Every structure is written in structure tokens, then in C-alpha cells.
Amino acid sequence: MSNLMSATRTTAKFSPRTFEIVAATISAGIVLFMICYWIVQIVGVAHMLRLAYG
Amino acid sequence: MAECGDRLHFCRLTQLTIQRENLMQLLDLFTALEASPIGAFVKDRGATFATIEAVHLMALAALGGTVLVTDLRLMNLVLKDVPSRRIALDAHKWFKAALGVLLVTGFFMVAGVATKCYHNFYFWVKLTALAAGIVFVFAIKMPLLRQDHELLRPATLKLVALASISLWFLVAASGRWIGFS
Chain A
1 MSNLMSATRT TAKFSPRTFE IVAATISAGI VLFMICYWIV QIVGVAHMLR
51 LAYG
Chain B
55 MAECGDRLHF CRLTQLTIQR ENLMQLLDLF TALEASPIGA FVKDRGATFA
105 TIEAVHLMAL AALGGTVLVT DLRLMNLVLK DVPSRRIALD AHKWFKAALG
155 VLLVTGFFMV AGVATKCYHN FYFWVKLTAL AAGIVFVFAI KMPLLRQDHE
205 LLRPATLKLV ALASISLWFL VAASGRWIGF S
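Chains A and B, in that order, are what the protein sequence lines are.
Residue 54, in the working numbering, is where the first sequence stops; the numbers in between run on with no holes.
Residue 235, in the working numbering, is where the second sequence stops; the numbers in between run on with no holes.
Honestly, the hints are just simulated from the structure, not real lab data.
Note that this is a predicted model, so its numbers are computed, not measured.
Check the hints yourself; a few may be wrong.
Restraint ranges, calculated between C-beta atoms of paired labels, are given here [as the list claims (entries may be wrong)]:
id, chain 1, residue 1, chain 2, residue 2, range
1, A, Y53, B, L143, 46 to 54 Å
2, B, A89, A, S15, 48 to 56 Å
3, A, L32, B, W178, 16 to 24 Å
Backbone N, C-alpha and C define an ideal beta-carbon position, used for all residues, glycine too.
Next comes chain B alone, as it looks inside the complex (with noise of 0.2 Å):
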């Protein structure tokens, strides 16, 4: 029985080695980010990550702006004389671009303070949301809603609407609250 106890905590202890082991890899991969002439580049010249950060910005304000139009057209709070279906998928191109240069100006941005956003649990919460909210736009969302929206239950349709902002309000609000922590 002891024996038994004795392995269990040495299958515990192996365990948690190789998770810390994991971990001090990611952050190595981050402190050789920051190190690297991308890093040096952002951190070392003063404009660089404010226009960096202003492009992003830009960025997130058009992201934002095609998710709103789209998500509060689906919950049939705003132009409702145009149909959903067409802004949905208008929309969807912009979205698109936008997140296109949010995901490139974010790299540049994380590589200026790569070591500094490692040890935010906010900068986590955000990668998290932003994982989340382009797999449910992908793969649940606008699969969704490149069907006839006559067909869907307009409940269905606020609800994915619904689902969407707040993940994306998630994305926003903790970048944001990166800065401030």
C-alpha cells in the first residue's frame, strides 16, 4: 500500500517536472522573442510601438465595428430594413482584413514587452478569447449564418449574436486591462 503511495507521488512529482519544464520552454521562447531584432526593434526605438499600437488600435476599432453591425443586425436592434444575410457576409471580409493586421501588429506589440506580457494573467485571459472568438467565428458563426436566415430560429440567431460580442468584448477589455496591470 505504501508502495503504492510512494509511485502515485513520484508519477505526481515526474508530472509536475515536465509541466515546469513546459512552461520555463514558453518562457524562453518569449525572453528569445524579446531578445530577438524584432524586439529590439519595437522596444529600443521610442515611436515604434506607439504607431504599432495606433495601427492595432485602428485595427481593433474596424474588427469591432464589423462585429457590432453584424451581431446587433442579428439580434434586429439596427438596419433592419437590410437583410442579415447580406451583412453578415459583407461584414465578414472586413472582419477579416481587420483581424489580419490586429494579429500582425499583436506579435510586434508582444515582442517589444514579450517577457512583461508573460507574467500578465490578463495577456492570457486575451490570447484565450482571441482563440476562442476566431474558432467560434470560423467554424460555428458564419457557417451559420451563410444559410438562409428565414430558415434559423431567430432565437438561435441572438444568441450566436450574443455569444459573439461578449467573446469579443473579452478580447478588447483585457487587452486594454494589460496595460493596466
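Bound-form chain A, shown alone (with noise of 0.2 Å):
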């Protein structure tokens, strides 16, 4: 009950609909920086290593 009420109270500023969205987009961001940034990341050892053995 007191978490229900702890959830009401923190997305009173929006309705549950738009906080939804709200976390949807930010997720989706998240996830999208990461992506690119595991690609930047693979890229680079892979050129450190072609550097180091040719």
C-alpha cells in the first residue's frame, strides 16, 4: 500500500500514461548511447590490435 502511494506521489507531476512515456524514451536513449558507445569501444581495441600485430 505504501509503495502505491510512494509510486502516486512520485508521478504525481505527470499522469501514469505520460511517465510511461516518459521512461520509454529515456530508456530508449539509454540504450542507444550504449550501443554506440560499445561500437566506438570494439572499433578501438580492434585497431589497437591491428597497430600491434599487423
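Please dock the two separately framed chains into a single complex, following the hints provided.
Dropping the structure here:
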């Protein structure tokens, strides 16, 4: 019950549907950022390996 | 026109000087932390760092466990017969405990090698990911998961779970990377 009240309090500024959309958008942004970050890291490591071992 | 360019150049130089002074203050803070009794205690006694690191890694395993069990349930991959809301709320208590232990032991670990950490790029990646992870969990994930999951779109739950897993994976991976760079 207290958890439900807490959730209501936290999302009081937004309607539950709006909060869900905000959460989905931020999550999608994080996932996209992570994909880009790991691509850059893997390409960087591959480049260093190519430099080191020809 | 030339005067305007000179003024812009002067403003840019002043801005760079202020930024550099701020960075120097941060480096001073890290140097002072390493030279403090806490830093000396962690660095000078052989087993201290290893013991703190062991506790840190156990807390990391506990935190990883809570994140995995919650997020994999949200993705509908494990524990399908248990309500996802119940798992999320129960695991969150352990998450908070593990996070507390991680922050305390992490502070002591940094104290021993503060100047090394300051110059390590992946230390800052880890801290940024950690801050983002904490904000994400307490401001986005848990307020969302406290709602009735039947009313939420399954795609939203899966997306939140994927973002959470990827953030905490980056925290753990960049933490390990500090030791090898």
C-alpha cells in the first residue's frame, strides 16, 4: 500500500501514461547511447590490435 | 572588428583558465584524499585493499544479482510464475543495501589510489555510469515499476529492463577496466 502511495506521489506531476512515455523515451536513449559506446570501444580495441600485431 | 575578436579571445582564455583551475582543485582533492589517514591506511597495509576489494566485489555480485533477476523477469525470461512487481519491489531492498556497501567500500578503494584513478579515463566512465544508474533506478525505473504492471505496455518494461542492464553492465565493466588500464 505504501509502495503504491509512493508511486502515486512520484508520478503525481505526470499522468501514469505520460510517465510511462517519459520512461520509455529515456530508456531508449540510454540503450542507443550504450550501443554507440560499445561500437566505439570495440572498434578502438580492434584498431589497437591491428596496430600491435599488423 | 579586430577589437571584438580580441575580446572573444580574452573571454575564451579566461574560461579555459577557470576550467583548468577547477580541474586542479579536483586533482588537489584527490591528492589530499590519498595522503589522508584513510588513504594511507588503505595503501600502506598489505591486506587492507584486498579485503575491501573482496567486500566490494561481493556487494557488486549482490547488486548484479538483483538487477539481473528484476530485469530478466521484466523481459519475461526467468521466474515467469512470480509477479514481476513483487520481484521488483523485493529485489529493490537488496539493491539498496548492496549499493550502500558498494559506495562505502568504493570510497575506501579510491582513497588508496586516488591520484591514479584521477588520471584514469575509465574511472570517470564508471562514475558517470554509476551516477546515471542511480538516477535512472530511483527516478525512472522504480517509480514506474511500483505501478500495476498489467497497466504498462510490455515493450516499455522490456526497454526499461534493457536500459537498466546495459547501464549496470557498463558500471561493472569499466570498474574492471580501471585495473587493466
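Here is how each hint holds up against the structure:
1. A:Y53 <-> B:L143: 46 to 54 Å: Hint holds: Cβ distance 50 Å, inside 46 to 54 Å.
2. B:A89 <-> A:S15: 48 to 56 Å: holds, 53 Å
3. A:L32 <-> B:W178: 16 to 24 Å: holds, 21 Å
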